[in-house]
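Participant: Read off the chains here:
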Amino acid sequence: MPTVASADRIDYPGRPTRAPVIEVDALSKRYGSRLAVNEVSFRVEQGEIVGFLGPNGAGKTTTLRMLTGYLAPTGGKIQIDGIDAVGNSIQARARLGYMPEGVPLYRDMRVYEYLRHRASLKRVPEVGAAVDRTLELAGVADAKNRIVGQLSKGYRQRVALAEALIADPPLLVLDEPTSGLDPNQVRQFRELVRGFGGAKTVFLSTHILSEVQAVCDRVIIIREGRKVADLTLDETTELENMFAELTTGNASEGGS
Amino acid sequence: MRSAWVVMKRELASFFVSPLAYVVLTSWLIFSGITFWILSEFYARNAVASGADTPLSGFFGGSALFFIPLLVFVPVLTMRLVAGERQAGTLEGLMTAPISEASIIWGKYGAALVMWATLWVPTIVYAWIMGQYGSVDWGAVASSYFGVFCLGAYFMAVGLLMSTVAPTQIIAAVLSFVALGVLFAMGVGEFVLDGTLREVCAYLSMWGHMHSFSKGVVDSRYLVFDFSVALLAVGLSIAVLKAGRHA
Numbered sequence: 001m002p003t004v005a006s007a008d009r010i011d012y013p014g015r016p017t018r019a020p021v022i023e024v025d026a027l028s029k030r031y032g033s034r035l036a037v038n039e040v041s042f043r044v045e046q047g048e049i050v051g052f053l054g055p056n057g058a059g060k061t062t063t064l065r066m067l068t069g070y071l072a073p074t075g076g077k078i079q080i081d082g083i084d085a086v087g088n089s090i091q092a093r094a095r096l097g098y099m100p101e102g103v104p105l106y107r108d109m110r111v112y113e114y115l116r117h118r119a120s121l122k123r124v125p126e127v128g129a130a131v132d133r134t135l136e137l138a139g140v141a142d143a144k145n146r147i148v149g150q151l152s153k154g155y156r157q158r159v160a161l162a163e164a165l166i167a168d169p170p171l172l173v174l175d176e177p178t179s180g181l182d183p184n185q186v187r188q189f190r191e192l193v194r195g196f197g198g199a200k201t202v203f204l205s206t207h208i209l210s211e212v213q214a215v216c217d218r219v220i221i222i223r224e225g226r227k228v229a230d231l232t233l234d235e236t237t238e239l240e241n242m243f244a245e246l247t248t249g250n251a252s253e254g255g256s
Numbered sequence: 001m002r003s004a005w006v007v008m009k010r011e012l013a014s015f016f017v018s019p020l021a022y023v024v025l026t027s028w029l030i031f032s033g034i035t036f037w038i039l040s041e042f043y044a045r046n047a048v049a050s051g052a053d054t055p056l057s058g059f060f061g062g063s064a065l066f067f068i069p070l071l072v073f074v075p076v077l078t079m080r081l082v083a084g085e086r087q088a089g090t091l092e093g094l095m096t097a098p099i100s101e102a103s104i105i106w107g108k109y110g111a112a113l114v115m116w117a118t119l120w121v122p123t124i125v126y127a128w129i130m131g132q133y134g135s136v137d138w139g140a141v142a143s144s145y146f147g148v149f150c151l152g153a154y155f156m157a158v159g160l161l162m163s164t165v166a167p168t169q170i171i172a173a174v175l176s177f178v179a180l181g182v183l184f185a186m187g188v189g190e191f192v193l194d195g196t197l198r199e200v201c202a203y204l205s206m207w208g209h210m211h212s213f214s215k216g217v218v219d220s221r222y223l224v225f226d227f228s229v230a231l232l233a234v235g236l237s238i239a240v241l242k243a244g245r246h247a
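First to last, the protein sequences are chains A and B.
Residue numbering for the first sequence follows the working numbering, starting at 1 and increasing by one per position.
Residue numbering for the second sequence follows the working numbering, starting at 1 and increasing by one per position.
Errors might be hidden in some of the hints.
Stated by the list, open to error - In silico DSSO-like links for lysine-lysine, alpha-carbon gap of 30 Å or less: (1) A:LYS144 / A:LYS200; (2) A:LYS200 / A:LYS77; (3) A:LYS144 / B:LYS215; (4) B:LYS215 / A:LYS153; (5) A:LYS77 / A:LYS153; (6) B:LYS9 / B:LYS242; (7) B:LYS9 / A:LYS77.
Simulated from the structure, these hints should not be mistaken for laboratory data.
Source: prediction; values computed, not measured.
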């Protein structure tokens, strides 16, 4: 059985001892009277692919929006690649590529125009080369002259991934990256993410258990805004049973 | 400011590929063309009664016909600036890019000023037509356009603020229409009120504003008003965008 690691300290034998790419400490977000994220803490080391799992409405998107600087936390600390993401939001944002849920893109632009625009916003030094590289990497080079609004969902998803990769950031934050994709596209996507193999850190939210099993080294499970599990995956992990156990019934049972 | 320039370029590219741009520009040209024709007809028939006024000074400063379409077109031009991004979800991408809220807002505002200028460039033809048939006071024409630009700086900033505040484009358009409508109506107060209130209304009056500029009088009080309202609205827009992160 896998062990549930403690919230504040996780030791990975054999990993280089440098600052974690994500370090979150007692992160909270309150919407009016509702506490959407409640004192969540975790660390993600360089090169890890971590799944962020939870039932719908558990606070996954809110947490990701705080990591990426879209929302300011109500309480707690976030460090992205050693940078304080609350105080130095702009510098922290420059260290990550983000693919928001539902992949909102400018529908009136052509694919390469969109990527050029985003590359300039992110101050990529050689825009043309970066656009060509990420078009290739995300597998959308054949659609580069097409208008974003006319693309299929699968292609739009890959354009969004290309956008996240454009500034070659050390961290990728992906919110439900495979929702709406067909099985072939899901497989391609998983191969792509696995292909980053240690070169990039990936933090992805999902509620698809097989996805986590297929691509992630580690999984963090939240429920009703609280972290209920943080564990390293191996072939024997019975994620389905564990997820059901941790995310149903009495919330206070699964302590973090 | 480089990021503001990137935001501005995208906004303008998106504006000029949208049907909205051409509907607004065409409607505005039809409307201003009719206004100019009516004024030319009027002054041609009433040469004595018109005194020092000319069709051009009438066009820029004497006619309510000048403001009515603007009260509609300014909200239409500015409604999408931020509310459109919010509605499409693309605001999230913009606000997670490594750029400041100020860059986003100044970029949007720059684009709005260019849109405003695009409305006015074709109207230079009217001055040229007048020049073919009579004498034109080019100094007054220049100060008219300067006045138009200053008025636009303040109109577009108000529209931008409403677009930043509003959850949807339609609400943004309605809010700008109401805000500009109220500011326009205050100008009428100059004719119905007395004392200090009359002074205040005269100061706020868009009508008085353009009337003065159309005669070639560049009144610095109006400039101070225009630019302070514009700066205030842009500053508030930046604050609203920042506050949105704490929602």
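Participant: Please verify whether LYS9 (chain B) and LYS242 (chain B) have alpha carbons no more than 30 Å apart.
Facilitator: holds, 22 Å
Participant: Would the pair LYS215 (chain B) and LYS153 (chain A) pass a check requiring their Cα atoms to be no farther apart than 30 Å?
Facilitator: Given pair LYS215 (chain B), LYS153 (chain A) is violated - Cα atoms ~58 Å apart, limit 30 Å.
Participant: For the pair supplied as a hint, LYS144 (chain A) and LYS215 (chain B), confirm whether the alpha-carbon distance does not exceed 30 Å.
Facilitator: violated, 54 Å
Participant: Between LYS200 (chain A) and LYS77 (chain A), is the straight-line Cα distance small enough, at 30 Å or below?
Facilitator: Holds, at roughly 22 Å.
Participant: Does the structure keep LYS77 (chain A) and LYS153 (chain A) at a Cα separation of 30 Å or less?
Facilitator: violated, 35 Å
Participant: Holds or violated: LYS144 (chain A) with LYS200 (chain A), Cα cutoff 30 Å?
Facilitator: Roughly 25 Å separates the two Cα atoms, so the pair holds.
Participant: Given the proposed pairing of LYS9 (chain B) with LYS77 (chain A), does the C-alpha separation stay at or below 30 Å?
Facilitator: violated, 35 Å
Checked against the numbered hints above, the structure breaks hints 3, 4, 5, 7 and satisfies the rest.
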